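Chemist: Below are the chains, spelled out letter by letter.
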Amino acid sequence: MTYKTMMMAALLSATALGGAQAADPIKIGVVTPLSGTYAGIGQQVKWGLDLATKEVNAAGGIMSRQIELIYEDEEANPSVAVQKADKLFQSNKVDFLTGTVNSASTLAVGQVAERAGKLIATTVSFADPITGDKCSPNVFRVNAKAGQQSAALAAWLAKDKPKAKIFFLGPDYLMGRSTVAAFKEAAEKTGATSLGEVFAPLDSKDYSQYFGQIRAAQPQVLYTSVAGNDTVRLLTQMQEFGLLRNLLVLGASGTVTAQNIAAIGKAANGFATGVGYSAELNTPENKKFVEAFKAAYKTEPDLYGADSYGLIYAYKAAVEKAKTTDTDKVRDALRGLTWSTPQGQKTIRAGDHQAIQTMYVAQVTDGKFKIASEVKGEDAIGPDTCTRF
Amino acid sequence: MRMIDALTRSMRASHLLVALLVAASLVFAAIGAAMGETFYLRLATEALIFAGLALSVDILLGYNGLLSLGQALYFGLGAYLSALVLMWVPSFWAAFAVTAVVSAVVGLIGGFIANRVRGVYFALITFGMAQVAAKVVYNTRALGASDGLIGVPVIDINLGIISFSSASPAGFFLFVLGVIVILYGVTAYLLDTPFGRLLIALRANERRVPFLGYRTMTLRLSAYVIAAMIAALSGALYPMLRGFVSPELLFFSTSGNAVITVIVGGVGTLAGALYGSVLLTLLKSVVGSYTEHHVIVIGLLFMGAVIFLPRGLMGIVRPAVERMLTRRSKP
Numbered sequence: 001m002t003y004k005t006m007m008m009a010a011l012l013s014a015t016a017l018g019g020a021q022a023a024d025p026i027k028i029g030v031v032t033p034l035s036g037t038y039a040g041i042g043q044q045v046k047w048g049l050d051l052a053t054k055e056v057n058a059a060g061g062i063m064s065r066q067i068e069l070i071y072e073d074e075e076a077n078p079s080v081a082v083q084k085a086d087k088l089f090q091s092n093k094v095d096f097l098t099g100t101v102n103s104a105s106t107l108a109v110g111q112v113a114e115r116a117g118k119l120i121a122t123t124v125s126f127a128d129p130i131t132g133d134k135c136s137p138n139v140f141r142v143n144a145k146a147g148q149q150s151a152a153l154a155a156w157l158a159k160d161k162p163k164a165k166i167f168f169l170g171p172d173y174l175m176g177r178s179t180v181a182a183f184k185e186a187a188e189k190t191g192a193t194s195l196g197e198v199f200a201p202l203d204s205k206d207y208s209q210y211f212g213q214i215r216a217a218q219p220q221v222l223y224t225s226v227a228g229n230d231t232v233r234l235l236t237q238m239q240e241f242g243l244l245r246n247l248l249v250l251g252a253s254g255t256v257t258a259q260n261i262a263a264i265g266k267a268a269n270g271f272a273t274g275v276g277y278s279a280e281l282n283t284p285e286n287k288k289f290v291e292a293f294k295a296a297y298k299t300e301p302d303l304y305g306a307d308s309y310g311l312i313y314a315y316k317a318a319v320e321k322a323k324t325t326d327t328d329k330v331r332d333a334l335r336g337l338t339w340s341t342p343q344g345q346k347t348i349r350a351g352d353h354q355a356i357q358t359m360y361v362a363q364v365t366d367g368k369f370k371i372a373s374e375v376k377g378e379d380a381i382g383p384d385t386c387t388r389f
Numbered sequence: 001m002r003m004i005d006a007l008t009r010s011m012r013a014s015h016l017l018v019a020l021l022v023a024a025s026l027v028f029a030a031i032g033a034a035m036g037e038t039f040y041l042r043l044a045t046e047a048l049i050f051a052g053l054a055l056s057v058d059i060l061l062g063y064n065g066l067l068s069l070g071q072a073l074y075f076g077l078g079a080y081l082s083a084l085v086l087m088w089v090p091s092f093w094a095a096f097a098v099t100a101v102v103s104a105v106v107g108l109i110g111g112f113i114a115n116r117v118r119g120v121y122f123a124l125i126t127f128g129m130a131q132v133a134a135k136v137v138y139n140t141r142a143l144g145a146s147d148g149l150i151g152v153p154v155i156d157i158n159l160g161i162i163s164f165s166s167a168s169p170a171g172f173f174l175f176v177l178g179v180i181v182i183l184y185g186v187t188a189y190l191l192d193t194p195f196g197r198l199l200i201a202l203r204a205n206e207r208r209v210p211f212l213g214y215r216t217m218t219l220r221l222s223a224y225v226i227a228a229m230i231a232a233l234s235g236a237l238y239p240m241l242r243g244f245v246s247p248e249l250l251f252f253s254t255s256g257n258a259v260i261t262v263i264v265g266g267v268g269t270l271a272g273a274l275y276g277s278v279l280l281t282l283l284k285s286v287v288g289s290y291t292e293h294h295v296i297v298i299g300l301l302f303m304g305a306v307i308f309l310p311r312g313l314m315g316i317v318r319p320a321v322e323r324m325l326t327r328r329s330k331p
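Keeping their order, the protein sequence lines are chains C and R. In case it helps, my numbering puts the first sequence at residues 1 to 389. In case it helps, my numbering puts the second sequence at residues 1 to 331.
There could be a bad hint or two in this list.
To be verified - Here are the simulated DSS-like pairs of lysine-lysine, each with C-alpha atoms no more than 27 Å apart in a straight line: (1) R:K135 - C:K205; (2) C:K184 - C:K370; (3) C:K93 - R:K284.
Claimed, not checked - The calculated label-pair distances, taken between Cβ atoms and stated as ranges, are: (4) R:F164 - C:K93: 24 to 32 Å; (5) R:L108 - C:R245: 56 to 64 Å; (6) R:V120 - C:T193: 54 to 62 Å; (7) C:P25 - R:N158: 40 to 48 Å; (8) R:V132 - C:D379: 41 to 49 Å; (9) R:V287 - C:T338: 41 to 49 Å; (10) C:A372 - R:G304: 52 to 60 Å; (11) C:K205 - R:Y121: 27 to 35 Å; (12) C:E285 - R:I162: 56 to 64 Å; (13) C:E285 - R:V120: 45 to 53 Å; (14) R:W93 - C:E285: 44 to 52 Å; (15) R:Y290 - C:E285: 32 to 40 Å; (16) R:V287 - C:P25: 23 to 31 Å.
What the hints assert, rightly or not - From the derived model, a few chain C residues whose C-beta atoms are all more than 12 Å from chain R: (17) K27; (18) K46; (19) G110; (20) K134; (21) R177; (22) E185; (23) S194; (24) D206; (25) A258; (26) D302; (27) A322; (28) D328; (29) G344; (30) Q363.
Don't read these hints as lab results, they were simulated from the structure. Given the structure is predicted, the values throughout are model-derived calculations rather than measurements. All C-beta atoms in this analysis are idealised placements derived from N, C-alpha and C, irrespective of residue type, glycine included.
All chains, please: the whole structure from these sequences, using the hints.
Modeler: What follows is the structure, given as structure tokens:
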């Protein structure tokens, strides 16, 4: 910086209201998968962030500073994510970072942020440890974690079918087993009984081998955490065998999605899951958001788009409260922050940096998700298990 | 004076090229440290670490004629071992010693399995072994499963005379440069001995070698174990740089990248592995920041290299260096 520009900068900061570098944009780094398996999720993240940024900038920015988003493709590979995050922090000097999708990337990038003395937030990763036993003072999560989803579903089940008898069927890998374990714990707490559990290999072609076991147990409810094409095969085969009669099927948020619901067809009817967002939400804020989103990108937002959209407003509120982008002050401002999003009010719990929000139970009727019930944020959040701060 | 044959001459040319790379790295480190640059120093450190992996692929591909599609198995092994040891005792030497011993044992076992076959089958078996290992790690809770292990501490590396932190960008860069140069030196030395000549003989005609009185299995196994150890020791540096390990380090993308690095850099040149890694890592980072279609760019580049530079970058540069060296050694 030359002497002249330094003088200019000094003059500017002296005259600006509150802000030190009023003219400079606030830089937010986004490390998200733009190519590969998770590119679809990364696309929603990008759309959500872009839309909110456009709105905030049009309304004058944050403390009259514009927001600038800098994207880097992480290929859903933590080694790449770490390298890109390092670049954004060290070379681009971003003030804040978000966008990571798989939990391994979020955890690894969180550690980079901690070493660089910056803050990050995830809007997608739902693995409980991120704000649980692997929590970090520099990591926030504004989307609902797996525990909130299963707690909401269990709370709804307890009201809809008290003392239900549940059978569990999960895919045989870590995420599948841990989602089943989480829902089992949540459901047993609200009075349900477990009849048994079975784990099928990923990509199973034939689920009928498990049907004898399920029929013999005579469950009222089946909980499953299979996903993608596995759900298509499981539910259609169950229907062919007449197992879906008088059986309520519950699942994880990825079990039945917009991608496979058409292929499942009628067998999907009645399926229910706990979610943090649905484009069907009937609130004025959400309607406005969905309309703006559709106008800009010709498609409906999903939970990733909505959570990412909300994050920009959380950061705006925090920076305006802190009156600076300084890490420690923004962290203090984010702790306990309540702000409004298309999903309603969210509050960041100070103890573990997890957002508390109203949870919804979405149920399939005639091939479409409808909101069946909502569960208050406090009832779904669960205890704070973070011990680091 | 000792007769200088083609192999020794080409090795000397490689040494000169590596010396050039080291000199350039020293200048780069000095500038980087002076400017307080962090990102590019760490990126260059990562490039050198992956150069070690490429070096191990080149031993097998360039000297033994064996394409390994699963060298990430040993790279990941080294990374996970080093991470686990460092989280338990934060000592560089402990991590390196454990990695060396365990990778030798695992390399011996893997070598027995993979070296029963040749050619395409060798490539498939190495690929399969790495995939199995990656899946096991991906599903083992004690190893962090799909989340990997975070929280590998920043360590102080004590070299007797000086001690520095693995978090210091310039210091750790120079240290990794030293380690990779030593790995290169050991490899180049071994390949220049009669052992190396026998490996080349194996590549040329494996059926004839037993008639000269050598056991081919022992030779192939030794080369495989050396390559495994070099990959693992390079991998051991990774968690010191980035503070975490994840199962993706064992995935095919890691093995595949190492093969691409060697082919672009120049098969059988050793120096090509180092140059190729620096080039590809930098290119990926720069192109990746401009477009999300960076994989297409890298793919086209790879195809271009194979078509127009079938012997790789060093395949073009090294013969020129060799000619220069011969001219000078003549009276």
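Chemist: None of the hints should be skipped; say for each whether it holds.
Modeler: How the hints compare with the structure:
no.: 1; hint: R:K135 - C:K205; in the structure: 20 Å, holds
no.: 2; hint: C:K184 - C:K370; in the structure: 24 Å, holds
no.: 3; hint: C:K93 - R:K284; in the structure: 20 Å, holds
no.: 4; hint: R:F164 - C:K93: 24 to 32 Å; in the structure: 25 Å, holds
no.: 5; hint: R:L108 - C:R245: 56 to 64 Å; in the structure: 59 Å, holds
no.: 6; hint: R:V120 - C:T193: 54 to 62 Å; in the structure: 55 Å, holds
no.: 7; hint: C:P25 - R:N158: 40 to 48 Å; in the structure: 44 Å, holds
no.: 8; hint: R:V132 - C:D379: 41 to 49 Å; in the structure: 44 Å, holds
no.: 9; hint: R:V287 - C:T338: 41 to 49 Å; in the structure: 42 Å, holds
no.: 10; hint: C:A372 - R:G304: 52 to 60 Å; in the structure: 56 Å, holds
no.: 11; hint: C:K205 - R:Y121: 27 to 35 Å; in the structure: 28 Å, holds
no.: 12; hint: C:E285 - R:I162: 56 to 64 Å; in the structure: 60 Å, holds
no.: 13; hint: C:E285 - R:V120: 45 to 53 Å; in the structure: 60 Å, violated
no.: 14; hint: R:W93 - C:E285: 44 to 52 Å; in the structure: 59 Å, violated
no.: 15; hint: R:Y290 - C:E285: 32 to 40 Å; in the structure: 36 Å, holds
no.: 16; hint: R:V287 - C:P25: 23 to 31 Å; in the structure: 25 Å, holds
no.: 17; hint: K27; in the structure: 14 Å, holds
no.: 18; hint: K46; in the structure: 10 Å, violated
no.: 19; hint: G110; in the structure: 8 Å, violated
no.: 20; hint: K134; in the structure: 7 Å, violated
no.: 21; hint: R177; in the structure: 9 Å, violated
no.: 22; hint: E185; in the structure: 17 Å, holds
no.: 23; hint: S194; in the structure: 21 Å, holds
no.: 24; hint: D206; in the structure: 22 Å, holds
no.: 25; hint: A258; in the structure: 23 Å, holds
no.: 26; hint: D302; in the structure: 20 Å, holds
no.: 27; hint: A322; in the structure: 26 Å, holds
no.: 28; hint: D328; in the structure: 20 Å, holds
no.: 29; hint: G344; in the structure: 30 Å, holds
no.: 30; hint: Q363; in the structure: 30 Å, holds
When each numbered hint is compared with the structure, violations occur for hints 13, 14, 18, 19, 20 and 21.
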